[in-house]
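The chain contents come next:
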Amino acid sequence: MSIKRIEPGTRMSQAVIHGNTVYLAGQVGAPGESVTAQTKDICSKIERLLTESGSDMSKILQATIWLADMEDFAEMNAVWDAWIDPANPPARACGESKLATPDFKVEILIIAATD
Amino acid sequence: MSIKRIEPGTRMSQAVIHGNTVYLAGQVGAPGESVTAQTKDICSKIERLLTESGSDMSKILQATIWLADMEDFAEMNAVWDAWIDPANPPARACGESKLATPDFKVEILIIAATD
Amino acid sequence: MSIKRIEPGTRMSQAVIHGNTVYLAGQVGAPGESVTAQTKDICSKIERLLTESGSDMSKILQATIWLADMEDFAEMNAVWDAWIDPANPPARACGESKLATPDFKVEILIIAATD
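Protein chains in written order, with this note's numbering: chain A, 1 to 115; chain B, 1 to 115; chain C, 1 to 115.
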């Protein structure tokens with residue numbers, strides 16, 4: 001079964017496609033921006049990577065959301081709830097994890113289908 | 001390859017089946033209850049969702065466990081060790097992550113096979 | 001579709017193979033050792049389990065890294081960057097989660113392809 005990598009780098013690939021499943025690297029927004037801005041940025045990056053992987057918003061299987069501070073749960077959710085495909089909501093989990101630096105407030109990990 | 005969603009809501013689906021793999025939403029127990037009670041509640045919810053997905057306890061592939069406080073490791077494990085199918089133990093990881101509110105002490109993420 | 005378990009125990013299996021995907025248990029190093037030593041130990045364990053699963057370093061799809069303290073990000077990355085297959089970097093995410101005991105500083109969760 002083929003493996004294809006999108007935007008491979010020295011530390012990670014931004015997406016890895018195996019058969020008809022794609023695993024995205026944890027996506028983050030611009031450091032220092034608001035939770036709303038970072039979450040919107042993440043959503044845009046996910047959409048772009050899904051498109052490059054031959055997938056789309058309707059095919060997200062699982063989303064794991066890390067918040068650096070769970071106090072930001074409602075602010076992240078406002079963006080999330082408006083963003084997901086209402087006909088095709090993914091499985092989801094959200095927990096608190098500090099991220100690479102304190103300027104990063106949200107990170108989202110995605111597994112999606114390509115068909 | 002087909003995608004089927006179980007209990008889709010405005011924020012997430014409780015389970016998403018892709019081919020012969022099912023991804024469950026992070027399951028939590030009743031807020032404010034003991035770690036033992038929350039873990040047992042989670043196990044029941046997982047069993048129900050696996051059944052609805054055409055899977056069962058013998059087909060759990062990966063479990064990721066989040067504890068709000070790692071001090072609860074032994075209490076959660078006592079329920080876990082008695083619960084899993086001894087003939088078919090899943091891959092597992094357990095880390096500390098604060099959850100949606102302080103009343104939630106355990107959350108478990110499951111990937112399982114449907115055949 | 002077949003499910004095969006590697007090193008099944010009373011709490012978990014060290015790896016579970018489903019079709020052509022393998023899920024590893026969260027791997028940790030020797031407690032109390034340095035971040036460098038623990039990460040190297042983890043990498044060795046991952047390589048061994050991938051081999052036992054009929055996979056290898058070139059087929060890692062997704063790596064989720066938990067650090068007990070994000071201050072150790074650079075030290076873990078130095079081992080990681082030297083370890084991964086430069087031709088086949090996986091999708092990756094890294095967040096802070098305290099682990100089973102304070103002596104454990106790094107844990108890595110792997111999903112890989114077997115073909």
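What the hints contain is simulated information worked out from the structure, not anything from laboratory work.
Model, not experiment: these values are computed from the prediction.
Be careful, since some hints might not be right.
[Stated by the list, open to error] Here are the simulated BS3-like pairs of lysine-lysine, each with C-alpha atoms no more than 25 angstroms apart in a straight line:
1. C:Lys98 / B:Lys40
2. A:Lys40 / A:Lys98
3. C:Lys45 / C:Lys98
4. B:Lys40 / B:Lys98
5. C:Lys40 / C:Lys98
6. B:Lys45 / B:Lys4
7. C:Lys45 / C:Lys4
8. A:Lys4 / A:Lys45
9. A:Lys98 / B:Lys40
10. A:Lys98 / A:Lys45
11. C:Lys40 / A:Lys98
12. A:Lys98 / C:Lys4
13. A:Lys40 / B:Lys98
14. C:Lys98 / B:Lys98
15. B:Lys45 / B:Lys98
[Said to hold, decoys possible] Here are the in silico distance ranges between beta carbons for each label pair:
16. A:Asp69 / B:Pro31: 28 to 34 angstroms
17. A:Thr101 / C:Thr101: 23 to 29 angstroms
18. C:Met1 / B:Arg11: 27 to 33 angstroms
[Unchecked claim] Covered by chain A, according to a simulated footprint, are these stretches of chain C (three or more residues, beta-carbon under 8 angstroms):
19. 23-36
20. 76-85
21. 94-104
22. 107-115
C-beta: ideal position from N, C-alpha, C; glycine also.
Do the hints match the structure? See the list:
With a C-alpha separation of about 23 angstroms, the suggested pairing of lysine 98 (chain C) with lysine 40 (chain B) holds against the 25 angstroms cut-off. Our distance criterion of 25 angstroms between C-alpha atoms is met by lysine 40 (chain A) and lysine 98 (chain A), whose separation comes to about 19 angstroms. Taken as a hint, the lysine 45 (chain C) and lysine 98 (chain C) pair is honoured in the structure, with Cα atoms around 20 angstroms apart against an allowance of 25 angstroms. Distance hint between lysine 40 (chain B) and lysine 98 (chain B) is fulfilled; the C-alpha atoms sit about 19 angstroms from each other, no more than 25 angstroms.
A hinted pair counts as satisfied when its Cα atoms are at most 25 angstroms apart, and lysine 40 (chain C) with lysine 98 (chain C) qualifies at roughly 19 angstroms. Taken as a hint, the lysine 45 (chain B) and lysine 4 (chain B) pair is honoured in the structure, with Cα atoms around 18 angstroms apart against an allowance of 25 angstroms. Straight-line distance between C-alpha atoms of lysine 45 (chain C) and lysine 4 (chain C) comes to about 18 angstroms, which keeps the hinted pair within the 25 angstroms bound. Restraint check for lysine 4 (chain A) and lysine 45 (chain A): the C-alpha separation of about 18 angstroms stays at or below 25 angstroms, so the hint holds.
Note on lysine 98 (chain A) and lysine 40 (chain B): the hinted pairing is violated, with a Cα-Cα distance of about 28 angstroms set against a maximum of 25 angstroms. Distance check on the hinted pair: lysine 98 (chain A) and lysine 45 (chain A) sit about 20 angstroms apart at the alpha-carbon level, within 25 angstroms; holds. Our distance criterion of 25 angstroms between C-alpha atoms is met by lysine 40 (chain C) and lysine 98 (chain A), whose separation comes to about 23 angstroms. Between lysine 98 (chain A) and lysine 4 (chain C), the direct Cα distance comes to roughly 35 angstroms. Violation of the 25 angstroms bound is thereby established for this hinted pair.
For the hint pairing lysine 40 (chain A) with lysine 98 (chain B), the CA-to-CA distance comes to about 23 angstroms; that is within 25 angstroms, so the pair holds. Among the hinted pairs, lysine 98 (chain C) with lysine 98 (chain B) is consistent with the structure: their alpha-carbon atoms are about 10 angstroms apart, no more than 25 angstroms. Distance check on the hinted pair: lysine 45 (chain B) and lysine 98 (chain B) sit about 20 angstroms apart at the alpha-carbon level, within 25 angstroms; holds. The beta-carbon spacing between aspartate 69 (chain A) and proline 31 (chain B), approximately 19 angstroms, falls outside the hinted interval of 28 to 34 angstroms.
Separation of threonine 101 (chain A) from threonine 101 (chain C) is about 26 angstroms and conforms to the stated range, judged on CB atoms against 23 to 29 angstroms. At about 31 angstroms, the CB distance of methionine 1 (chain C) to arginine 11 (chain B) agrees with the hint of 27 to 33 angstroms. Check result for the region 23-36 of chain C against chain A: violated, 0 residues qualifying (beta carbon to beta carbon below 8 angstroms, three or more required). Counting residues of the region 76-85 of chain C whose C-beta sits closer than 8 angstroms to any C-beta of chain A gives 4, which meets the bar of three, so the coverage hint holds.
With 4 residues carrying a beta carbon less than 8 angstroms from a beta carbon of chain A, the region 94-104 of chain C meets the three-residue requirement, and the given coverage holds. Figure legend: the region 107-115 of chain C, annotated as covered by chain A; annotation consistent (3 residues with Cβ-Cβ distances under 8 angstroms, at least 3 required).
Checked against the numbered hints above, the structure breaks hints 9, 12, 16, 19 and satisfies the rest.
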